[in-house]
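Undergrad: Please build the complete structure, drawing on both the sequences and the hints.
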Amino acid sequence: MNADMKVFPHVMKMTTALLAHEIDGALVDNYVITHSLNLIQDEPIRIERYIDHQITYGVVLSKNSSKLEKCLRQFLHNHPQETFEIIAANLVPLKNPTDDENQQLKAAEGLFYQEDIY
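Quick note: the sequence shown uses my numbering, first residue 1, plus one each step.
The reader is advised that the hints may include incorrect statements.
What the hints assert, rightly or not - Okay, the calculated beta carbon distance ranges per label pair: (1) 32 - 65: 18 to 28 Å; (2) 77 - 32: 19 to 29 Å; (3) 71 - 44: 42 to 52 Å.
Hints were generated in silico from the structure; no laboratory data involved. Computed from a prediction, not measured in an experiment: that's the story for all the values here. Note that CB positions come from ideal geometry on N, CA and C, so glycine has one too.
TA: Pasting the structure below:
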């Protein structure tokens with residue numbers, strides 16, 4: 001199945017497109033969502049599916065940072081567990097706000113109860 005892909009410069013623009021039904025869904029990295037959670041946590045969107053993937057991480061450096069790059073590479077190589085713990089301490093597990101609701105029941109009720117929008 002082919003899909004049209006669109007890149008969003010910011011999570012809020014993606015959220016707006018989701019709410020406006022301009023897109024059907026989004027694939028977003030857990031770190032990005034965690035970083036932007038305060039912006040979207042009150043929006044009526046939910047996580048449908050998690051995709052398990054090997055954990056990777058990266059570092060953004062300015063140009064001509066070869067000494068810092070060498071130092072970081074040595075640290076990452078010599079302290080992988082500590083690096084993982086630092087990253088894990090800053091990630092917040094996501095919980096769907098609708099996890100406690102029965103989605104099939106909610107969809108069925110929507111067939112009978114419709115709110116007027118003015």
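Undergrad: Could you tell me which of the hints above the structure violates, numbers in ascending order?
TA: none
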